[in-house]
Each structure stands twice: as structure tokens, then as C-alpha cells.
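Sequence order for the protein chains is X and D.
Residue numbers for the first sequence follow numbering that gives the first Met the number 0, so the first one is 0 and each next one is one higher.
Residue numbers for the second sequence follow numbering that gives the first Met the number 0, so the first one is 0 and each next one is one higher.
These are computed hints drawn from the structure, not numbers from a lab.
Don't take every hint at face value.
Unchecked claim - For lysine to any residue, the following SDA-like pairs were computed, each having C-alpha atoms within a straight-line distance of at most 20 Å: (1) D:Lys134 <-> X:Gln105; (2) D:Lys343 <-> X:Glu56; (3) D:Lys138 <-> X:Glu14; (4) D:Lys134 <-> X:Pro16; (5) D:Lys422 <-> X:Gln103; (6) D:Lys343 <-> X:Gly87; (7) D:Lys422 <-> X:Glu96; (8) D:Lys422 <-> X:Glu90; (9) D:Lys422 <-> X:Gly87; (10) X:Lys12 <-> D:Glu117; (11) X:Lys72 <-> X:Gln105.
Unchecked claim - What follows is a list of derived Cβ distance ranges for each label pair: (12) D:Glu142 <-> X:Lys72: 48 to 56 Å; (13) D:Gly270 <-> X:Asp141: 20 to 28 Å; (14) D:Asp372 <-> X:Thr60: 30 to 38 Å; (15) D:Met291 <-> X:Pro69: 43 to 51 Å; (16) X:Thr60 <-> D:Glu131: 25 to 33 Å; (17) D:Glu131 <-> X:Leu146: 58 to 66 Å.
Ideal Cβ positions, reconstructed from N, Cα and C, are used throughout, including at glycine.
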Amino acid sequence: MKPEWKEWAHEAKTEFPGANSALLPLLHRIQQSEGWLSPETLADVADLLGLSVQYVESVATFYSLYFKQPVGKKVVHVCVGLSCMLAGSDELMHNLEQRLKISQGQTTPDGAYTLLEAECLAACDLAPVAQVNLRFRGPIQDAGELLTEEVSS
Amino acid sequence: MNQTYYLLRNREIPDIDQMAVYRAHGGYEALAEALKQYQPEALVDLVKRSGLRGRGGAGFPTGVKWGFLPKDGRPRYLVVNSDEAEPGTFKDRELIEKNPHQLIEGMIISSYAIGATEAYVYCRGEFLYGSEQLKRAVKEAYEAGFLGSNILGSNFSLNLFVYRGAGAYICGEESALLESLEGRRGNPRLKPPFPAVAGLYGMPTIVNNVETIANVPQIVTHGAEWYTSMGTEKSPGLKIMSVSGKVNRPGNYEIPLATPLRTLIDEYAGGMQEGRTIKCIIPGGSSVPLLMPDQLDTPLDYESILQAGSMLGSGGCIVLDDTVCIVKASARLVKFYREESCGKCTPCREGTYWNADVLERIEAGEGSERDIDLLMDIADNINGKCFCPLGDASIGFLVSAIKHFRDEFEAHVREHRCPLGAKVYDTVNN
Numbered sequence: 000m001k002p003e004w005k006e007w008a009h010e011a012k013t014e015f016p017g018a019n020s021a022l023l024p025l026l027h028r029i030q031q032s033e034g035w036l037s038p039e040t041l042a043d044v045a046d047l048l049g050l051s052v053q054y055v056e057s058v059a060t061f062y063s064l065y066f067k068q069p070v071g072k073k074v075v076h077v078c079v080g081l082s083c084m085l086a087g088s089d090e091l092m093h094n095l096e097q098r099l100k101i102s103q104g105q106t107t108p109d110g111a112y113t114l115l116e117a118e119c120l121a122a123c124d125l126a127p128v129a130q131v132n133l134r135f136r137g138p139i140q141d142a143g144e145l146l147t148e149e150v151s152s
Numbered sequence: 000m001n002q003t004y005y006l007l008r009n010r011e012i013p014d015i016d017q018m019a020v021y022r023a024h025g026g027y028e029a030l031a032e033a034l035k036q037y038q039p040e041a042l043v044d045l046v047k048r049s050g051l052r053g054r055g056g057a058g059f060p061t062g063v064k065w066g067f068l069p070k071d072g073r074p075r076y077l078v079v080n081s082d083e084a085e086p087g088t089f090k091d092r093e094l095i096e097k098n099p100h101q102l103i104e105g106m107i108i109s110s111y112a113i114g115a116t117e118a119y120v121y122c123r124g125e126f127l128y129g130s131e132q133l134k135r136a137v138k139e140a141y142e143a144g145f146l147g148s149n150i151l152g153s154n155f156s157l158n159l160f161v162y163r164g165a166g167a168y169i170c171g172e173e174s175a176l177l178e179s180l181e182g183r184r185g186n187p188r189l190k191p192p193f194p195a196v197a198g199l200y201g202m203p204t205i206v207n208n209v210e211t212i213a214n215v216p217q218i219v220t221h222g223a224e225w226y227t228s229m230g231t232e233k234s235p236g237l238k239i240m241s242v243s244g245k246v247n248r249p250g251n252y253e254i255p256l257a258t259p260l261r262t263l264i265d266e267y268a269g270g271m272q273e274g275r276t277i278k279c280i281i282p283g284g285s286s287v288p289l290l291m292p293d294q295l296d297t298p299l300d301y302e303s304i305l306q307a308g309s310m311l312g313s314g315g316c317i318v319l320d321d322t323v324c325i326v327k328a329s330a331r332l333v334k335f336y337r338e339e340s341c342g343k344c345t346p347c348r349e350g351t352y353w354n355a356d357v358l359e360r361i362e363a364g365e366g367s368e369r370d371i372d373l374l375m376d377i378a379d380n381i382n383g384k385c386f387c388p389l390g391d392a393s394i395g396f397l398v399s400a401i402k403h404f405r406d407e408f409e410a411h412v413r414e415h416r417c418p419l420g421a422k423v424y425d426t427v428n429n
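Working from the sequences, and respecting the hints, build out all of it.
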């Protein structure tokens, strides 16, 4: 457990004191700094909020944006919704797989990229759209532009 | 074409997301008017008279919903649903990213009307920028005295919280949203009791969509009669339609309700791209049945679309052109529901898996004649048998696609390939 997590847990509980409302914000904040949520981290969060480990795991595993495995420095979500499909998201995903030499769902061996499918990102006006570390990029003309751009976390 | 903006004023006013700019264009004047000129009940009445209906998809009259709150002295909450994730819908994203103060002002007025002292806006986890914009604007609103204690010298106090989900379409369903907001898995709750009676933290709660609440300052400023002067008697006012597909100008368009679908596509969205013709249209987000090209004159209001066999829903209008394989489109939508089913109800959890499997094998040319009936049979076993609307939503497009394009499904089976030559990439982990 990092020393600052106690402070973060306190802040989350102060802002959202009802029920277990502090849990999601705290998981977001810790993942932001750690990159992902390891089983040890989830146990620490349970401890910090006075919840059972099983409960925290059950919540963390429900939501797709909590990473239960290590991810790359840049997480690329390619929207595969219908509107993006009509605009060529299958080709975009295929090109990214070829360039990164991984399949969707995987991380490059150097830990630079994780490539993931996203269900509709509510940005069909930017189709085909993607997110890099949750920042919108679109319309994507060429898979390469997603990988060369410097994106802040 | 000429367009007067009310909800999408960000299109013509740069930097309206900044407090100073928003105020320079009349921002927060509706709030001042509401607090000075109206008792809370009078505001509920104003919204009732405007005929404003919920813009999240169900179209339930907003003022009537507000009237459901029990008068028992318990704390009340307003929760704004910004978990926008219905495929084809992207209006709330623009509203929170480009004009967050409009929503915040609407939330303050609405909270005053319903007697809430705490208000929450729940953004889907992917709306990182949108939630940052909202948080920044909320801070500005506190600093300007529009939030906090004794707002503008009145007796009314309100605290407003921005909450971020973490990736789950089901949290757009209001009771699943409340579960998520309470730090749980996003499983829908049994209704009744409805949130108005037992919502957030067990207290009376109103859950409204972003666009619904964004209308409120406009209605206070311009009046109920202004609102009912647009649209039809039962579907008055303005609606933002999100148009995508092979049109020349995909995007959000603010229209008076009852504008014909053809006008939306041809005039607002600039018509179809060269060489493309319309195969069918999803008028209200991926959960609704499709409309055919001979229905393009259907007015975009709740009743007319229902009569035409579909729903206005969230206003996510996806235009499919004649190069699109209907089986592949169906497969993609069903796969979405498979991924997003919370898994609670067997018909939805299992049915979406089976339908996705069957559709994928038909698209791959490996289906049999029997598979088409199998899809209908599975759909029938989902229909009306689930706890929340997600199961039913998964079959809306599929059933209508088989009804209108059965020959295309059959051609896939007969020719053992996709007759439109849709390319299927193998993206399965290897």
C-alpha cells in the first residue's frame, strides 16, 4: 500500500460518504497512478474502505475500465460500434494488430501499447474513433497516426 | 441551412464552456429568474405545461415524473444520467464537453423545483474529458455563488457532485446507475419501487437524462408556450438527433420534433455520400427496429415513429447504405448487447450469446436455413422475459432486419458466403 492511498481514501469517503460510493473514485485514482489494479491493490482498497476483498473484486471485475492485468503505457481503445464499423473500424483494428504485431486484448512485449476493443464510445460523429488513454482521437484516417502521436496520460 | 440554436449554442458561441462567456450570453439568468419568480411547485408546473419528455430514450413526461416524489420530508436527490452509450447516440457528450454550464444551470433549477439539496451527474467512465469539463465548470459555479449555501441570496442550497462510472452500458439503465453510484456492480434493481420513491441511498430520487435537464433553463427563459409551439401536441419542443453512417455531415442536429426523417438526413446531415443510397435507417439508437426508405417521410416525434414501427428512443440515427451487409450489422449490434449484458437474467445472458454465435456463422457462410428460424426463436425467448430493457433491446434491430431482409439472410446460407462481400477479419486472439 502506498502512503498516499490513505489520504485518497479519506478524500473519496469525504466527498461520497453514502453507501460504498467512495469505491469507484478510489479505484480510478489508484489505477491512474499504478496503471492497473492487482489483487494486492484490491485487497488494500478493501482494507482502506472497510469492505471485504471479495466485494471489491466483484465490483472491480464488473467494469471494463478497471484493468485487472498490467496494461501498456498507452491503452488504445478502438470503437467497434456499428457506426464505426460502417466507417471502417474493422480495417482500423486489423491495421493496428498488424503494426503492433498483437491481437486485440493483448499488450506489446515492450509494454508500450495495449490494444482493446471498445463498445460504442458515443462519438459516432468522429467515426472511426478511438481513445488513447481515454482521450478521443477521430476520425482516424490512418492507423499510424494513433501510434505516433504523443499523448499525455 | 438556417438553424437557430437553443441547446447547441456552443456551435455559434466559442468558449461558451467558460463561465464568463456563458454569463455574457445570458447564462444563469434563468436560474436567477427561477429563484426569484417561481415557487418550486410553479416550476414543476411550468415543466409539465412545456410537455418536455425524457430525452434518454423512454420519452416519459419530465414534469409528471417530478410529481411522483412523495411528500414525506425525506431528503431528495437529482441524478443526471450521462452514461451515454447507446450505439449511434452522441448528443450528451457534446452537451457536457462543450457547454457544461447549461447542464449545471439546468440541474440547479431542477433541484430547486423538486426540493433536492444534493445533485449528481453520473458520466460514463469513457467520458474523461466530459467529466473534467463538468468538474471545472462546477468549481466555477461554486465560486460564482450558483452552488453551495443560499444560492443568490435565496433560502435554497445545493451541492453538486460529478461521478464517473467505469465502463458498463447497463449503468445507463436508471436503477443500475444508482447501484453503480452507490459503489456496487451495475445490476438493475427490481421496480417498483421506482427511484422517485426509493432511489439513491434509498431516498426519493429523480433520474433525468442530460439533454432533458439541458432544456430546463431554455424553458424558464422562453416559457412553456414557446416550447409547445414546436413539435406536436404530445411531442413538443426540441430534440437533438445524432446522425451517423455514410451521410455527408455526420453530427448532432437540433431539430423541432416532428421534423421529417428525410429532412434530417437530406438537409441537416447533407444527404448521402455520392454513390450511396439508403438501405434502412435506425432512427433512435441501436435498440429500436429499423425503418425502410419508403418511411423517410415519417415525422420525428415519439408517436409517429412508434406508428411507423420503431421508436424515437435516444435520437441516435444510424443510416445504413446499400453496401452494408444486414447480417453483419445485426451481428455487430447483437455482439454489443452480449458484451454489455450484466448477466443477471438467463434469457438475456444466454440469448445474446446464442444469437451472436448464430449470426456470426451465417455471416461466415456456415449457417443453415434452420438458423434463421433459430434466431427468431431465441429472440422470442428473450422478448419480455428479462428484468430490464437490455434483453428486449438486443432483438429490436435483429427481428426487424429478418422481417425486411430475410432474403439476404437466406442468400448467406444458400451461397455459403456473404453476398455483399463484407470482409470479416479474424481478430480472435491467436
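Verification of the supplied hints:
1. D:Lys134 <-> X:Gln105: 33 Å, violated
2. D:Lys343 <-> X:Glu56: Holds - the C-alpha atoms of Glu56 of chain X and Lys343 of chain D are around 17 Å apart, at most 20 Å.
3. D:Lys138 <-> X:Glu14: Roughly 14 Å between the alpha carbons, so the hint for Lys138 of chain D and Glu14 of chain X holds.
4. D:Lys134 <-> X:Pro16: Holds, because 18 Å separates the two Cα atoms, which is no more than 20 Å.
5. D:Lys422 <-> X:Gln103: 17 Å, holds
6. D:Lys343 <-> X:Gly87: 33 Å, violated
7. D:Lys422 <-> X:Glu96: Holds. Lys422 of chain D to Glu96 of chain X sits at ~16 Å (cutoff 20 Å).
8. D:Lys422 <-> X:Glu90: Holds: Lys422 of chain D and Glu90 of chain X sit about 9 Å apart, inside 20 Å.
9. D:Lys422 <-> X:Gly87: 11 Å, holds
10. X:Lys12 <-> D:Glu117: Satisfied, since the Cα-Cα distance of roughly 16 Å is no more than 20 Å.
11. X:Lys72 <-> X:Gln105: 13 Å, holds
12. D:Glu142 <-> X:Lys72: 48 to 56 Å: 36 Å, violated
13. D:Gly270 <-> X:Asp141: 20 to 28 Å: 27 Å, holds
14. D:Asp372 <-> X:Thr60: 30 to 38 Å: Given a distance of about 36 Å, which is inside 30 to 38 Å, the answer is holds.
15. D:Met291 <-> X:Pro69: 43 to 51 Å: For Met291 of chain D and Pro69 of chain X the Cβ distance comes to about 49 Å; the hint holds.
16. X:Thr60 <-> D:Glu131: 25 to 33 Å: 26 Å, holds
17. D:Glu131 <-> X:Leu146: 58 to 66 Å: 24 Å, violated
In summary, the structure is inconsistent with hints 1, 6, 12, 17 from the numbered list given earlier, while agreeing with the others.
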